[in-house]
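S.K.: Below, each chain spelled out in residue letters.
Protein chains: 2
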Amino acid sequence: MGSAALMCLMRGHRVAHPPSQSFGEASRATAAAHPAGITPEAFDFQFWMLRSEFPGGPTQRDMNLFRIRNCFFAIVLFSAGALAVAQEQTGPAKAVSKGKPDDQPNMEIEKFGLVLHGGAGTIERSKMTPEREREYRAGLERALMTGYKILKRGGSSLDATEAAVRVLEDDPHFNAGKGAVFTSAGTNEMDAAIMDGKTLVAGAVASLRHIKNPISLARLVMEKSGHVMMDGEGAEAFAREHGIELVDQKYFYTQERWEALEKVKAAEKSRTGAAGKAFIITDQDRHGTVGAVAVDRNGNLAASTSTGGTTNKRPGRVGDSPVIGAGTYANNSTCAVSATGDGEYFIRATVAHDVSALMEYRGMSLKEAAQSVLDKVAKLGGSGGLIAIDRHGNIALPFNTSGMYRGYVDPNGKFVVEIYK
Amino acid sequence: MGSAALMCLMRGHRVAHPPSQSFGEASRATAAAHPAGITPEAFDFQFWMLRSEFPGGPTQRDMNLFRIRNCFFAIVLFSAGALAVAQEQTGPAKAVSKGKPDDQPNMEIEKFGLVLHGGAGTIERSKMTPEREREYRAGLERALMTGYKILKRGGSSLDATEAAVRVLEDDPHFNAGKGAVFTSAGTNEMDAAIMDGKTLVAGAVASLRHIKNPISLARLVMEKSGHVMMDGEGAEAFAREHGIELVDQKYFYTQERWEALEKVKAAEKSRTGAAGKAFIITDQDRHGTVGAVAVDRNGNLAASTSTGGTTNKRPGRVGDSPVIGAGTYANNSTCAVSATGDGEYFIRATVAHDVSALMEYRGMSLKEAAQSVLDKVAKLGGSGGLIAIDRHGNIALPFNTSGMYRGYVDPNGKFVVEIYK
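Protein chains in written order, with our numbering: chain A, 2 to 422; chain B, 2 to 422.
By construction, these hints were calculated from the structure, which means they are not laboratory data.
Since we're looking at a predicted model, the values are computed, not measured.
Treat the hints with caution; some may be incorrect.
[Unchecked claim] Here are the simulated DSS-like cross-link-like pairs (lysine-lysine), alpha carbons at most 30 angstroms apart as the crow flies:
1. Lys225/A x Lys266/B
2. Lys380/B x Lys225/A
3. Lys199/A x Lys377/B
4. Lys422/A x Lys377/A
Chain A extracted, bound-state conformation (with noise of 0.2 angstroms):
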C-alpha cells in the first residue's frame, strides 16, 4: 500500500486541456529504470492523464492544490498501509486493503498500458550474437507498437493484445505461429487464447496444425462458436466454415525449430540430464511462449497467449496457454495475466487464476501475487515467468529463468525491451 501511494505521488498526471501541459516532473523518475530509447510517434504521450478535473484548463492554484491533494492522499493510504502490514504481522486475521490510490473520488482516470513476453527460460548473454538480439528485440518493439497504437486511439485491449500477439506469432524469432516448435512425431501443434476482463468472455484453441494465427481463431471461437474453448480438427473446420485461411504444415518450418527437435531427441537418447542441457542452446528450444496483457482507456483488461507448446511434446499435448486460468485470464476487478514456461507445471498451479485470487481475496498487490505465485510454480518443480497488468495500469513481469524476451511501455510512452535479469 505504502509504495502504491508512492507510485500515485510518481506517475505522470496530464489534464486533458491543455495537451501540452503536464504535472508531476517525479513521473520521470520511473522511466529511468530501463529507457529502450524507442520513442513512439507521439513524444509529448503520457501514460496517466486526468480528465474532467480542469476542464477550461488549470491555473497554477489548481496545480498546487492537486500536488498538495495527491499528497495529502498517499500520506493516508500509506498510513493505512503500515496499518495493514503490521496487522496482518499480529494476527491470523488477512487484512484485505480498500481505497488503493485509483479509488479516490471524482479521479476519472484516462490511461492505458501494455506488456508482452515472448518466452522464458535460460536465455544466456554469452550465447546469444548481437544480431540475433536485435532480432529479438526488434520483433517485440514492432509488437508493442502495433499494440500501443490500438491503445493510444482508444481501442480495446482484446484488440491491442491480439494484435501484439499477431505480430509475434508472424515472427519466426517466437515459438508461436511461424516459429512454434515440432512435436516428437514432426507437426508442429499450436494453442492459444483469449480472455476480455470486463465480461469473463474467453475464446481458446488447442492442438492446431493448420492456423497461421491461432490467437485470431481463439477470439473467433470466443465471439462466433457459442463455446469456450475448440481444439483440433473441430477448430479448423470452425475456422474454415468462418474464412480463416488454413496453411499447409510447411509454413510453420523453420530450420533453427527443426535442429532444435533433432538436438532434443538425441539428448534423450543419450539419456543424460547434463547432456541433454549441453544440447539445448536456449530453453526457447523446449519452450516457448508469446503473450499480451493490456488495459485499454475504458479501463478494461485483457490477455492473449500464443504458443507452439515444447519441443519433442507428444502429439495431443496441450499446455497452459489455452487453459483458461492458467496460462491465459483477465478479470477487470484483479488484472491479466500471460504465463510462459513449463506448462505442466502452470496448469497444476492454475497460475493466471492464482494471481487474481490473491489480489482479490488476501488484498496482495499485483507484483506480491505475481511473484508468490511463481514462486508456488517453483516448488512443485515448474521454471517460466508470467507477465500482469491491473487496472491501474501497474505491472508485473516476474520470471525464475535466467532470461524472458519481454517489453511494455512505460509510463512516459517509452518503449522498455528486455532479455535477461
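Fit chain B to the given chain A structure using the hints.
M.R.: Only chain B this time, still in chain A's reference frame:
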C-alpha cells in the same frame, strides 16, 4: 466457524481399539438427513475414527475427558468464529479464521469420504418414470459402492474416484463413456480429468473418440506421459502405446442420446427457445457429466470428472471437465471439486480453483465457498452444480438446476442417493 465447531461435536468418533466401542451418540443426528436405506456390507463402520489416542483401549474416564476436551475446543472455536464474523462485519479486513476443529493437536483422524455426481440439469420428477429413476439410483449406488470399498480398505482417493467414475462411464444412463451424447456431426467426443490433491499432479484428456474409459486415460496421461493434458488422436495414440483398448464409435451409440440430438437439432431449426425447451425432457440431453471427489484414510483428496460434453456441440468443443481449475481440481490444503453444467460458464468462472481459493485465502468453509462460486456462475448466466469435499470430510453438493444426480456416503456409512432438490 461456529457451525464447524458444532459439527465437530456432532461427529461420530470411534477409538481404534476395541472396534465395537464408540463415542458420540450425537453423531446419529447428522445421519438423519436423507437416509436412502442402503447399508453397505460393514454395518459397524463409522465415518470418523480416532486412533492412537487410547492405544490400550479407553476407560470411562478417558471417554469423559475426551468429551470435555471436545466441548472446550468447540467453545473456543465458536468464540473465535463469532469474533471473526464480527471483524468481517465491522471493517474491510477479511478475517481468515485459523484453528479449525480438526487442526487440534494429537487428533489423528482416520477418515474417508466419497461424493459423486451424475450431472445437473432440469430433472423433473413429473417426467421421470419410477423405473428410470430406479436405474439412475442403481447406477449411482454401484459407483458409490465401488469407490467406498476402495476407501474402506485403505485405498487412495485417486483409485476410488477413478473407479467410481468408470462405473458411471460404463452406465448408458450417464453422459460419459458409454452414454456420451452426440456432437452436431453425430460423433461422440469425450473429455475427462483427474487430480491428486497431495502432489497437485493432474491428468486431462479432451476430444477422445475411441476410449471406453476416458478417466483412466486421464490417469495414464498424469502418470506416464510427462504431460498434464492431451487431446484427440495424439491422446488416443498414447493410449494405444500403453495398451489401452480403443473402441469403435459404435460402442457409444445409444438410442436415447441419438434421439436427443435429433430433438435438439429440430429445436434449433425451429429457432425458438421455448420449443427447444419443450423438446428436451431433461438437461441430461444437453449437458451431463459424471464426477467423484474423495478423501482417503491418509487424508489425501482427489477429484475425477468425465463427460460426453453437450448434445449438438461442435466437434472439437472442449468443456470444463478437462480444464484443471474449472471442472476438476484437488488440493489437500483445501478441497477436491468436480463440476457439472454449462461448461463454458464454468471455465470462465474457473469454478473448481475458485472454491479452493476462497477457502484458502478468505477462510470460507467448503459449503460457503462452493455456494459462493456457483452463485458467480449463475450471475454470468450459467447453470449447473458441483460436488466438493475437504480433508475433514465436510461435503457440499450445491446446484442451481431443478436436479442433480448425486450420492455420498454419510457419516454413518450409509449411502445417500438423491436426484431432485
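S.K.: Each hint: holds or not?
M.R.: Status of the hints after comparison with the structure:
no. : hint                : result
1   : Lys225/A x Lys266/B : holds (18 angstroms)
2   : Lys380/B x Lys225/A : holds (21 angstroms)
3   : Lys199/A x Lys377/B : holds (14 angstroms)
4   : Lys422/A x Lys377/A : holds (20 angstroms)
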